[in-house]
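Engineer: Sequence:
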Amino acid sequence: MLIFVIARVMPGDPARLALGPEASEEQVQKLQKELGLDLPIYIQYLHYMSGVFRGKLGVSLYTNRDVVVDLIAYFPATLELVTVAMILAVAVGIPLGIISAIHQDRWEDHVTRIFALSGVSMPRFWIGILFQLILAYHLGLLPITGRIAPDISPPRTITGLFIVDSLVTGNLLALKSSLLHLIMPAFTLALSPIAQLMRVVRASMIEQMRKGYILTARANGMPENLLIYKYMLKNAFTAALTIIGLLYGFFLAGAFVVETVFSWPGMARYGMRAFVYKDFNAIIGVVLVIAVVYAIINFLVDIGYGLLDPRVRLGAEGGQT
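So that you can map any letter, position 292 of the sequence shown is 292 in the working numbering, and since no number is skipped, the others follow by simple counting.
Source of the hints: derived by calculation from the structure; they are not laboratory data.
Note that CB positions come from ideal geometry on N, CA and C, so glycine has one too.
Treat each hint with caution, since some may be false.
Estimated spans, in silico, between C-beta atoms of each pair [said to hold, decoys possible]:
1) Asp302 with His138: 42 to 52 Å
2) Asn64 with Val120: 40 to 50 Å
3) Thr157 with Val120: 47 to 57 Å
4) Pro150 with Pro223: 53 to 63 Å
5) Gly249 with Thr157: 42 to 52 Å
6) Asn64 with Asp302: 35 to 45 Å
Capping the alpha-carbon separation at 30 Å, the derived lysine-lysine pairs in DSBU-like fashion look like this [claimed, not checked]:
7) Lys211 with Lys230
8) Lys56 with Lys33
9) Lys56 with Lys30
10) Lys211 with Lys234
The task is simple: from the sequences and hints, build the whole structure.
Structural biologist: Shown next, in the form of structure tokens:
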């Protein structure tokens, strides 16, 4: 409801934006009436919610298509980008956190901490433009924008995820092009979460190293690698899992900037255009999808707690005993 009200009170007339500056006042008023914009906000909200419960999110003023159709078309690109960025964040951030903790106050620790500070402090749009300038424009190593090369046909749509569809259909050219186009936007999106995840894992590992059972096991001659990977790392993963759930929402928010910089044809870029054109239905549709995805990810994180830590139960076992 809050997003609905905010979208409605934003400055600008969506009917006039949709028709353009050449439209007459009569045309604008006619479109306002067709869209129900002349009704009180609470009536508009009731009409909108009745449509939501029937699986209808209205028509986009920008694309003139059903918002549900647009979201189905654009969401896979964002999902692919965010998922690859998440994999990169976990694959790089957790090992860096372990290395930093094991080599605490040594040069390895200092290097990783400087990297973490840089990753957190640099804005995404600046990182993306820097990558484009160096890797694409000057070195020509990677494509500068888009999701696939214009001279390569996209794979046959099965899931909407180009990497998955390319593998399933055996389209190796599309697979190579998709991966090359993903590298810069995925790293741009993942850089700050890598730094945050590294800091959390480092702090958790150092905390585990100071626990009594670790000190006792080390004094009794237990191999260091066994201590790290069997005991300390398992407990550190619980803290990492918490931030992974939060980071997925962070990724979805960051995708608005990254998709705009790299002209990535995803839901976030669609949402940015919706904000510019005051496309109410599209704005609310994008927010609803983000909210649902965020809720699902946090539900999966809760399940992961139970798998990582036997003391954590999804049910109220503690209250039943």
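Engineer: All hints, please: hold or fail.
Structural biologist: Here is what the structure says about each hint:
1. Asp302 with His138: 42 to 52 Å: The hint (42 to 52 Å, Cβ to Cβ) holds, given that Asp302 and His138 are roughly 46 Å apart.
2. Asn64 with Val120: 40 to 50 Å: The hinted range 40 to 50 Å holds for Asn64 and Val120, with Cβ atoms some 41 Å apart.
3. Thr157 with Val120: 47 to 57 Å: violated (37 Å)
4. Pro150 with Pro223: 53 to 63 Å: With Cβ atoms ~55 Å apart, the hint holds.
5. Gly249 with Thr157: 42 to 52 Å: violated (27 Å)
6. Asn64 with Asp302: 35 to 45 Å: holds (41 Å)
7. Lys211 with Lys230: The given pair, whose Cα atoms are some 15 Å apart, holds under the 30 Å limit.
8. Lys56 with Lys33: Given that 30 Å is the threshold and the Cα spacing comes to 19 Å, the pair holds.
9. Lys56 with Lys30: Since the Cα atoms of Lys56 and Lys30 sit roughly 22 Å apart, the hinted pair holds (cutoff 30 Å).
10. Lys211 with Lys234: holds (14 Å)
Figure legend: structure checked against the earlier numbered hints; hints not met, in rising order: 3 and 5.
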